[in-house]
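Undergrad: Residues per chain, in single letters:
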Amino acid sequence: MNPDKSEVLQGTLDLMILKTLHALGPLHGFGIARRIEQVSEDVLTLNEGTVYTSLLRLKQQGWIDSKWGTSENNRKARFYSITKRGQKQLTVETENWERISGVIGRVLRLEGGKQQ
Amino acid sequence: MSSPILRAISRVGVLFGQKKAESEFDTEMQTHLQLLTERFMSQGMSPEDADAAARRQFGNTTVLQQNHRESRTYQSFSRGIQDVRYGLRVLAKSPGFTAIAVVSLALAIGANTTIFSVAKSMLYDRLAVPDAQQLRTLYWHATGHSAVHGMWGSFDSSPEAGSRCSCFSYPVYQQLSAHNQSMQDLFAFQQDDMNATIHGNAHRVHAEMISGNYYSGLNVRPLLGRPILPSDETMNGSGAVVVISEGIWERDFGRSPSVLGQIITLNQSPMTIVGVNPRGFTGASDSQTSPDLFLPITMQPVVAPRHDQSLLDNSNFWWVQIMGRIKPGVTDAQAEAVLSSQLQAAVHGTMQVKPTETIPTMLLADGSRGDHFTENDFKKPAFVLMTLTGFVLLLACANIANLMLARGAQREMSVRLALGAGRLRILRQLLTESLLLAAMGGVVGLLLGYLGRNVIPRLLSDPWDATPQNVHFDWLVFGFTATVTIATGLLFGLAPAWMAARAEVGSSLKESALTVTRRRKGMGGKAIVAFQIALSTLLVVGAGLFLRSLFALRSVDPGFRTDHLVLFSINPPASRFAKGKDVQLHDRLEQDFAAIPGVQAVTSASIVYIGNGMTNSTFLPAGEAVDRNKRQSELFNRVGNNFFATLGLPIIAGRPFNAQDTVTSQKVAIINQSLARKRFPNVNPIGKEFSTGDKADGLVRIVGICADNRYADLRDDAPAQFLMPYRQQTEVGGLNYELRTSLQPSELAPALRAVVRKVDPDLPIVDIRTQQEQIDSSMQNERVFASLSAGFGVLALALACVGIYGIMAYTVANRRNEIGIRLALGAQPGQVQRMVLRESTWLAGAGIVTGVAAALLLTRLVKSMLYGIQPYDLPTVAGGAAILLVVVLTASWIPARRAAGVQPMEALRHE
Numbered sequence: 005m006n007p008d009k010s011e012v013l014q015g016t017l018d019l020m021i022l023k024t025l026h027a028l029g030p031l032h033g034f035g036i037a038r039r040i041e042q043v044s045e046d047v048l049t050l051n052e053g054t055v056y057t058s059l060l061r062l063k064q065q066g067w068i069d070s071k072w073g074t075s076e077n078n079r080k081a082r083f084y085s086i087t088k089r090g091q092k093q094l095t096v097e098t099e100n101w102e103r104i105s106g107v108i109g110r111v112l113r114l115e116g117g118k119q120q
Numbered sequence: 002m003s004s005p006i007l008r009a010i011s012r013v014g015v016l017f018g019q020k021k022a023e024s025e026f027d028t029e030m031q032t033h034l035q036l037l038t039e040r041f042m043s044q045g046m047s048p049e050d051a052d053a054a055a056r057r058q059f060g061n062t063t064v065l066q067q068n069h070r071e072s073r074t075y076q077s078f079s080r081g082i083q084d085v086r087y088g089l090r091v092l093a094k095s096p097g098f099t100a101i102a103v104v105s106l107a108l109a110i111g112a113n114t115t116i117f118s119v120a121k122s123m124l125y126d127r128l129a130v131p132d133a134q135q136l137r138t139l140y141w142h143a144t145g146h147s148a149v150h151g152m153w154g155s156f157d158s159s160p161e162a163g164s165r166c167s168c169f170s171y172p173v174y175q176q177l178s179a180h181n182q183s184m185q186d187l188f189a190f191q192q193d194d195m196n197a198t199i200h201g202n203a204h205r206v207h208a209e210m211i212s213g214n215y216y217s218g219l220n221v222r223p224l225l226g227r228p229i230l231p232s233d234e235t236m237n238g239s240g241a242v243v244v245i246s247e248g249i250w251e252r253d254f255g256r257s258p259s260v261l262g263q264i265i266t267l268n269q270s271p272m273t274i275v276g277v278n279p280r281g282f283t284g285a286s287d288s289q290t291s292p293d294l295f296l297p298i299t300m301q302p303v304v305a306p307r308h309d310q311s312l313l314d315n316s317n318f319w320w321v322q323i324m325g326r327i328k329p330g331v332t333d334a335q336a337e338a339v340l341s342s343q344l345q346a347a348v349h350g351t352m353q354v355k356p357t358e359t360i361p362t363m364l365l366a367d368g369s370r371g372d373h374f375t376e377n378d379f380k381k382p383a384f385v386l387m388t389l390t391g392f393v394l395l396l397a398c399a400n401i402a403n404l405m406l407a408r409g410a411q412r413e414m415s416v417r418l419a420l421g422a423g424r425l426r427i428l429r430q431l432l433t434e435s436l437l438l439a440a441m442g443g444v445v446g447l448l449l450g451y452l453g454r455n456v457i458p459r460l461l462s463d464p465w466d467a468t469p470q471n472v473h474f475d476w477l478v479f480g481f482t483a484t485v486t487i488a489t490g491l492l493f494g495l496a497p498a499w500m501a502a503r504a505e506v507g508s509s510l511k512e513s514a515l516t517v518t519r520r521r522k523g524m525g526g527k528a529i530v531a532f533q534i535a536l537s538t539l540l541v542v543g544a545g546l547f548l549r550s551l552f553a554l555r556s557v558d559p560g561f562r563t564d565h566l567v568l569f570s571i572n573p574p575a576s577r578f579a580k581g582k583d584v585q586l587h588d589r590l591e592q593d594f595a596a597i598p599g600v601q602a603v604t605s606a607s608i609v610y611i612g613n614g615m616t617n618s619t620f621l622p623a624g625e626a627v628d629r630n631k632r633q634s635e636l637f638n639r640v641g642n643n644f645f646a647t648l649g650l651p652i653i654a655g656r657p658f659n660a661q662d663t664v665t666s667q668k669v670a671i672i673n674q675s676l677a678r679k680r681f682p683n684v685n686p687i688g689k690e691f692s693t694g695d696k697a698d699g700l701v702r703i704v705g706i707c708a709d710n711r712y713a714d715l716r717d718d719a720p721a722q723f724l725m726p727y728r729q730q731t732e733v734g735g736l737n738y739e740l741r742t743s744l745q746p747s748e749l750a751p752a753l754r755a756v757v758r759k760v761d762p763d764l765p766i767v768d769i770r771t772q773q774e775q776i777d778s779s780m781q782n783e784r785v786f787a788s789l790s791a792g793f794g795v796l797a798l799a800l801a802c803v804g805i806y807g808i809m810a811y812t813v814a815n816r817r818n819e820i821g822i823r824l825a826l827g828a829q830p831g832q833v834q835r836m837v838l839r840e841s842t843w844l845a846g847a848g849i850v851t852g853v854a855a856a857l858l859l860t861r862l863v864k865s866m867l868y869g870i871q872p873y874d875l876p877t878v879a880g881g882a883a884i885l886l887v888v889v890l891t892a893s894w895i896p897a898r899r900a901a902g903v904q905p906m907e908a909l910r911h912e
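These protein sequence lines are chains A and B, in that order. In terms of the numbering used here, the first sequence is residues 5 to 120. In terms of the numbering used here, the second sequence is residues 2 to 912.
These are computed hints drawn from the structure, not numbers from a lab. Hints are not guaranteed to be accurate.
What the hints assert, rightly or not - Far from chain A by the CB rule (all over 12 angstroms, computed), these chain B residues:
| no. | residue |
| --- | --- |
| 1 | Glu29 |
| 2 | Leu554 |
| 3 | Ala721 |
Unchecked claim - To give an idea of the interface, some chain B residues facing chain A are shown, with a C-beta separation under 8 angstroms as derived from the structure:
| no. | residue |
| --- | --- |
| 4 | Thr32 |
| 5 | His33 |
| 6 | Ser72 |
Predicted, not measured: the structure shown is a model, and the values here were computed from it. Yeah, the Cβ is synthetic: ideal placement off N, Cα and C, and Gly gets one too.
Chain A extracted, bound-state conformation:
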């Protein structure tokens, strides 16, 4: 595997999908996969099937909803959209993520400083 690429961290895919749906509105699974690919600029490798596992999980939590519709090239596709509860969850998770990544960032910088 390409050493420049990272595995998606456990639990972060849900957050990415929620954010994607929040930002772009209703999307089908393929669209979500493309968007993550595009945003991550090929840094993240993604087994695109896992998007569906994540979607099912989010749906069971009641954070997203789905509806059948027709995609751009006239294919039958399921469109996912974020719910109110999902938006709340997104806010909470985002704050959590920022706090933790902030802490981890500070810790990493701190250790680096000591070594120098």
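We have chain A already, so just place chain B on it with the hints.
TA: Just chain B, lined up with the frame of chain A:
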């Protein structure tokens, strides 16, 4: 429970809606793959390469499908099933705990179910007729001197409240019925015991004489044939037909349809069977037991003559009960007002009312449960029993809660919390476990309750007159049991679940490893055990009181020899044995019975002592004037000449009755010592004369004084009483026989029957029993309470034993370290043992003090049910406390020994 079952269930789940979800997901994946393939092709790949690349990028579709399927099934099933599976596994892992929990719950729930079903059927079951709630029973109420004197039926009377009675004269009923506007049809009925001969066998039956509109009024149709109809009661003496109960149809006719048209003899009159009642129909007066047969009320003068005149024309004798359905839109108060004025008119129209007498007013009472006159007698015992069983159930709950806490679920929960389980999920898991336990206990309990539903009615009925009585087991009982089961599951599950879920992740992990000092955390468990001990004390003290009551009652000396005395009754119907003939019959029977080998002495008596029956009669010593404000009647018994010798009732002075006392000779009587003291103070009563108010008797001369004896009931002191020989009477009707014999009733019965059959083959011998059985039956309430409460007490002790053992064993196990250190520092094993025992003694003390306090508060409420002791009876309370203390110390002995036996090194190395 293993995964194949789960798989089976999820496969069932697939049948419902899973297929659709799966095919939808397939479509979704296929679309995605196609889009990916197209994208790669547009980047210049060959179709094969693009397809392969798309598959690589998408990942393994089969695994994904599988994951989705499981995820979906788990969403709907798995949590619940996982909990149940896990719960079952946990329960199976500790079979001892599970067995104790299920058995104690089953016993407690079973007891509750039984008592509830009995209480429900006695207090709440309605008559098995359509729209029973419309039925009203008519009562009359009168204060002061009521115009009604002669009555046959249920009667309540007190100086303050006046009298209340549910019987009316037949002429009054006819007038009410004719002018009735506020009610739908009024129908009349009265029950009487009669002698029936069916297929040549004479036996006693409960018969109900009914008006012709009875069946239409109740809206009941016979199972077979026709009901009693208005056309049956055209005139006095008409309608020689009967409708029989389903019970008789089954017992005596084997459910044969050819029963219709058969003729049975009822009090010597031939009657044709025209119908069979439907199952469950119990008549109008009672929802528990059905009369055996129903006949037109117009047959009364023929079948059940009383007095010389037909009761149908008698305005002074009130004897029929009246019921009817209230008209829609009419309130009870309106109907009462209308019926009251009609009753007054009817009384004036049919009777001569003296100016000092009051005319009764009409009352309407709910008739949906029949004439529930005795209901109040059951209310208190039913309430007390429900409370007792409620305590037992509470105790069982406390026991299980305690065991669950002590099983150390907490530590395991901390591990699970640490591994990321949600608190709610853990709470749910533990509750599922307790509900599982409760459900198992509930199912077994329901079964026990079902099997035991007829035990209490059987205990309460006379062994020689066992009317088949079925407690209905219906949805209400089932609902009650289900509710109780779920409530108990929550009750004993919630506390441990709450504690476990509240546990901090680290605390109990750390604690169990490092605590060496006395744990302060076990307070919850200990409080529960103290509560258990308190409840047990309460139940044991209660059982003690009921047992002592029973023993006190049994040790009462009734005043005569009760052993080897066989009793039965013979009731010659007046239609066959007219005035004078009945006296001759009894005379002959007495002699014939005495000739049976093994019979030492025979007498007859109108009243059997300790049989709950009584008669009284005016007793006016010559020279004493009638005084309306004074009670001048005394208890009375009409007996055979051998009475005193047969019963062993000593004659203190004078002589017993003998053959010289005949119809034509001077009427004689014997009075007892109490009567002599009461009515002839400081005078020798022998030779004195008195009148009984009956002109035929004239002046009666006292010829002897006998010892006192208990009369209707063992509870009441021996009352004043006088006795007269039946042989001096012109008419006596039915009499009881008392035979002094070493034979058992069953050995004696054939000889007795042979004697009676020689005289009259249609005359049944009724209620063959011993005097001791008769006395026992008067103590049924006490016996039922003593045995049930003793059973509950023993169960309570057993549960308390388990509880205290559990908590002490748990405490000792937790304090192994501390104990090890103590021993290592030089404590003696005896000291350690005493330390543990001291702790359990404290627990016991707290529980016992609370229990005794509660007992003193609560037992006051059952004061009226006790005999010979006070509710705060010191020996009982002290004895109960002592029993509890001994039980607690015994139960904690083993953990204490175990503590003393701890090897210091091992205990310290253990952690």
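Undergrad: Taking the hints in turn, state whether each one holds.
TA: Now for the hints, and whether the structure bears them out:
The beta carbon of glutamate 29/B sits about 5 angstroms from the closest Cβ of chain A, which is not more than 12 angstroms, so the claim that it is off the interface is violated. Non-interface call for leucine 554/B relative to chain A: holds, since the shortest CB-CB distance, roughly 69 angstroms, exceeds 12 angstroms. Against chain A, the non-interface label of alanine 721/B holds: every CB pair exceeds 12 angstroms, the least being about 85 angstroms. For the restraint placing threonine 32/B at the interface with chain A, the shortest Cβ-Cβ distance is roughly 5 angstroms, inside the 8 angstroms limit, so the hint holds.
The closest approach between the C-beta of histidine 33/B and any C-beta of chain A is roughly 5 angstroms, which is under the 8 angstroms cut-off, so the hint is satisfied. The interface hint given for serine 72/B holds, since its Cβ lies 6 angstroms from the closest Cβ of chain A, which is under the 8 angstroms cut-off.
Comparing the model with each numbered hint stated earlier shows that hint 1 is the single one that does not hold.
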